[in-house]
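Top to bottom, those sequences are chains A, B, C and D. Residues 5 to 269 (my numbering) make up the first sequence, in order. Residues 5 to 269 (my numbering) make up the second sequence, in order. Residues 5 to 269 (my numbering) make up the third sequence, in order. Residues 5 to 269 (my numbering) make up the fourth sequence, in order.
None of these hints come from the bench; they were simulated from the model. All of these numbers come straight from a predicted model, not from anything done at the bench. Among the clues, some could well be false.
Identical chains blur together in the list; that is why a pair holds if it fits in one copy or across any two.
Within a straight-line C-alpha distance of at most 35 angstroms, the following computed DSBU-like cross-link-like pairs (lysine-lysine) qualify [what the hints assert, rightly or not]:
#, residue 1, residue 2
1, K227, K142
2, K227, K67
3, K111, K77
4, K111, K249
5, K59, K249
6, K77, K214
7, K227, K77
4 protein chains.
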Amino acid sequence: MVREFESSSYWALILGGSSGLGLASAFKLARHGMNICIVHRNGRAEAEAIEKEFKKIRQTGIKLLTFNTDVVKAESRERIVKTLKEEFASTGKLRCLLHSIAKGNLKTLVPIDRQVLEGPDFALTLENMAVSLSEWTKEIFLAGLFADDARVLSFTSEGASKAWQGYTAVSAAKAALEAISRGIASEYAPYGIRANCIQAGVTDTLSLQKIPESDSLIEQSIKRNPFNRLTRPEDVANVVYLLCKDEAAWINGSVIPVNGGEHIH
Amino acid sequence: MVREFESSSYWALILGGSSGLGLASAFKLARHGMNICIVHRNGRAEAEAIEKEFKKIRQTGIKLLTFNTDVVKAESRERIVKTLKEEFASTGKLRCLLHSIAKGNLKTLVPIDRQVLEGPDFALTLENMAVSLSEWTKEIFLAGLFADDARVLSFTSEGASKAWQGYTAVSAAKAALEAISRGIASEYAPYGIRANCIQAGVTDTLSLQKIPESDSLIEQSIKRNPFNRLTRPEDVANVVYLLCKDEAAWINGSVIPVNGGEHIH
Amino acid sequence: MVREFESSSYWALILGGSSGLGLASAFKLARHGMNICIVHRNGRAEAEAIEKEFKKIRQTGIKLLTFNTDVVKAESRERIVKTLKEEFASTGKLRCLLHSIAKGNLKTLVPIDRQVLEGPDFALTLENMAVSLSEWTKEIFLAGLFADDARVLSFTSEGASKAWQGYTAVSAAKAALEAISRGIASEYAPYGIRANCIQAGVTDTLSLQKIPESDSLIEQSIKRNPFNRLTRPEDVANVVYLLCKDEAAWINGSVIPVNGGEHIH
Amino acid sequence: MVREFESSSYWALILGGSSGLGLASAFKLARHGMNICIVHRNGRAEAEAIEKEFKKIRQTGIKLLTFNTDVVKAESRERIVKTLKEEFASTGKLRCLLHSIAKGNLKTLVPIDRQVLEGPDFALTLENMAVSLSEWTKEIFLAGLFADDARVLSFTSEGASKAWQGYTAVSAAKAALEAISRGIASEYAPYGIRANCIQAGVTDTLSLQKIPESDSLIEQSIKRNPFNRLTRPEDVANVVYLLCKDEAAWINGSVIPVNGGEHIH
C-alpha cells in the first residue's frame, strides 16, 4: 500500500461520512495517508457502531476529526470550517471535498394517496442533496483551505436522468447537483479546483433500502449488471481515491459512471 | 389555416404567457382554435403593451382568460384552477399545460464580489423554474381538468447540461425541471398525460437580455447555428403546436432540441 | 383529414418502405397528400402481400413509384434518382428522404461459437444502415431534387447507446447513422435541408423478430413502457408526418425518442 | 514513482503508439513498470525520430516490442499476437489493449467540390478507427493473452456527438467505436475485461493538424477550456494509467471526458 498523500498534509472533508459510500471513501483515503474530517448526522442508537468505524480509521495513523451535526445549517458549516482552519494551521490543505449526503424525500407525484410530494419536500431534498455542495465549496474557499490542486467530488445516480417510482425529488436533486458540480468546475477552475460527479451503480446501502421497491431494483440491477452483482461501497471508494491522485487533474466537469457497466444494459 | 382544436373545446394553460416563448405559443395555439388561459406577472408600466397582445389573441375568435399574479403562490394556483373549472363546466378540457417561467437568479458562484449565489437564491430559482411544474400539474389533476390525452410541456435550455458564467442556479433549475418532467411522464402516463421539455435555442427574449454577457452569447449563437440566426419565439411556438396534435401522443419523457441544430456545433 | 401536402407536389422517398416503420410512414404521408417513392428488397414469396399494401397506398389518390432493388448499389441509386427526376419534371420536389433500412448482422462479439462478428459483418451493416444515408442524400442533392425546405429522416434505436446481446454491429451502425445525420444537419443546412433521427421504441416488426432474445426484449419493453405496450409502426409514422410539416423547420440535428417514454425507465 | 505494475509481468499493447496520445501513454505506463508492445505505421523519414522515443522508453527498464505495420491487416494482427504469445510464455499477461488509431478521412459531405466523402472513404475510416478494436480484442482473447483483470481502452472525441466541418466520417467512426467499446464491456465482462473510452480534449497532435480549420478549433478550444489551455498528451496518458490500476476495475462501458472541462462550455 502506497501512502502517497502522507507527506502532503492533505485532508479530505466528507459530508455524510458515517456510512455507505462516504465511510468507505474515508477508509480508502485514510489508508493512503490522507487526513479525514467527517460530518455526519446520527442519533444515540447508532453512536457506538459508528465510533467503532471511526476507531478503525484512526488506526491507519492519520488524523480524524468528526462532527455530528446538520450539514445544511450555516452555523455548523461556519464552525466546522473554523475548526479546520485552526487544525490545518499553516501546513494542512484540503485536497478533497466529498459530498455524500442522501437526505431526500421518496414520495410519489400523483396525488392519489397522502404520501405525495409537496413543495417543501422538494425544497428540503434540493437543499440537502444539491445546494449544500455550493454552500460548502464557498465557505471552504473563503477560508482559504483548498489545496492548489483540489477536488470537489459528489455522488449522483443513474436516476438523475431516469424516472424511478418515488424518486422524482431525489432525481431532481441529483440533476441539480450535477449542474452545480459543472458550475464549480467552470467557475473555480482558475483557483485549481476540479469538480466531478461519480455516478455510482445501485449499491446496497441504507439509502437504497429506503427507496420503495428497492428489492426489485436490487434484483433487476444484479441481472442488468455485466458482472452480475451490485456495486459495493469499496468499488466507488476506489474511484474517489483515483480522482484524488495527481494524475486525475485533467478530469473536470464530468459525470463518471462507476457501476461495472450497469448503465449500458 | 386548419383550426383542428376548435371543435374539441380544448384549452391551454400557459404559465408565463405575457412575453417570449409563452406569448408566441399562445398566439400559435389560438390560431388553431385552442382556448387560452395565461398566467403572468407584470407591473403597471407594461400593462398597456400586454393588453394589446391579449387583444390580438382574442381576435382569433377563441376564449382568453388572463391572471396577473405570482405563479408560485398556492392561493393563486387554487383560485385560477377553480376559475378554470367553472369556465370549463362540463365540456372544456385542458389539452396543454405549458410552463414558461423564467424567474431565476443570475449571480456567480465564486465569492469574490457581492453578487454571489446564496442558498435562498437557489431556493427561489428552483421553486419558480422547476418545482412549480409539479405543483401546477398536481392541482389541475386533482380538479379533474386534464383532457384524456393531455400534454405537459416546459422550456429548458442547453444550459441545463453546460456551465455558463452566472447561469448555475438556472442551470440547476433547468436540470431539475427536466427531471420533474420525466417524473410526470412516468407517473401520470396511466392518466393519459404526456410530459416533454422543449430545449429552445438561444432566443432574443427579455430573459436572455438579463444574462450577463448575453451579447457574446448571442454573437456566438448566430455563428454556431447551422442557419446562422438566433431562434425566434415563433420557431418554438410551432413545435409547441406540433406536440399538442394527436400525432405526438407517443412522444413522452423527452427533451427535444428546437434550435436549428445549434447544439451539434 | 387535412391533405396539406397535396397542392405542393411534394414527394417522399422511402428507403426500406415495404414493411414496418417505412410502410406505415408511407401510408400516413400518402393520406396527407404526399406522393411516395418506395425502394425495397423482397423476394417473390412476399410479392403478392406487398402489392396489396401498395394498392392501398395508391387508393389514397397520390402517385406511388416502387423499386425492388438493393439500396446500396450505386447503379440502383443512380437509376432511381434519374427516374424521379423525369417524374418530377419541373413541378415535383422531394420534401422527405426517409431512411428505414434494417439490414444488419446480429452475431455476438466473443469468439466462443461460430456466429461471431467478423470485419465483413461490420462492413455490410455499416454500409447498409449508416453510410447509405450519406450516399442517397448526395445523389438527390446533385440531381437538384430536394425541396427548398426538405427533411432527411432516419430511424435509430436506444440500442445506439446501449449494449444489447448480439446487437453490437447494429449498435455501431445506428451510432454512425446518428453521426452522419448530424453531419447532414450541419453541412446541408445552407441548402434548406433539415436532418433528424427518430429513436423508435421497441416495435414488433420483422427486424425485431430477428434479434436473438427478442421475446424477452418485448416482454421487458412492455413492462418498462409507461403506457405498458410496445411501440406501433403508426406511432412512429405519426411523428414522421409531424416532422414533415412546415412547423418542424427549426428541429435539426436531433435524435427524438418516440417510444411512449420507454427510455426513462 | 511507484512501479506498481512491475512485479505483475503486465503488458500493454498500444495500437498507434509512435506519436501523440499513444506514445505518451506508452511512456507513462513504462515508468510504472508495464512492459509495452507498440504497433505503428511510419515511413523511413520518421524512423530515426521514432527510434529515439523508443530508446527512451527502453531506458525505463521495461521490455519494449515494436511492429511497423498496418494494424488492420489480418496477417499483421495474427503475427503480432503470435509473437506476443511466445514472448509472454507462461508468465506475461496483457493488462491493457490501447487503441489509438487515427487514420481517417477528412472530406466534407456536400458534393460541391472534388473532396467529397464517398462510400469507400467511410469504409476505410470505420475499419481503421472503429472495427479494428473488435478484431484485435477477439484475436488476443482467442490467444488467451488477457490478464484476469484486463482493460480495453480507446480514444474518442467530443466530435463523436457533434458535427464539425469535414469530420463526419471520423465522427461516425468515433460513435461506432464507442458502441463497439460498450459491446466489449458487456460481452467480455464474464472474462474479466473492462472496456472504456477516453474522450480526450482537443490536443495539439499530428492528427489534429490534419483537420481542416484546426487553427480555429485550437483557438476556440483554448478559449472554451476552463483552464485556458489545450489538452496535452500527458494529461490523457495519466488517465490511461489510472484506468490500468486495480482500483479502476468497476469502471466499465463508460466514456470519460479528459479535457479539463472543455465539454461543459
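Same-copy or cross-copy closeness of K111 to K77 [CA-CA at most 35 angstroms]: The answer is both: 24 angstroms in one copy and 22 angstroms across copies each meet 35 angstroms.
Intra- versus inter-copy proximity for K214 and K77 (alpha-carbon distance at most 35 angstroms): both (24 angstroms within a copy, 31 angstroms between copies)
Status of K142 relative to K227 across identical chains (alpha carbons, at most 35 angstroms): Result: close only across copies, 25 angstroms inter versus 41 angstroms intra.
Intra- versus inter-subunit Cα pairing at 35 angstroms for K111 with K249: between (39 angstroms within a copy, 32 angstroms between copies)
Within, between, both or neither: K227, K67 at alpha-carbon 35 angstroms: The answer is neither: 41 angstroms in one copy and 41 angstroms across copies each exceed 35 angstroms.
Status of K77 relative to K227 across identical chains (alpha carbons, at most 35 angstroms): neither (41 angstroms within a copy, 38 angstroms between copies)
Identical-chain pair category, K59 with K249, by Cα at 35 angstroms: both (25 angstroms within a copy, 28 angstroms between copies)
Of the hints listed earlier, those the structure fails to meet are numbers 2, 7, in rising order.
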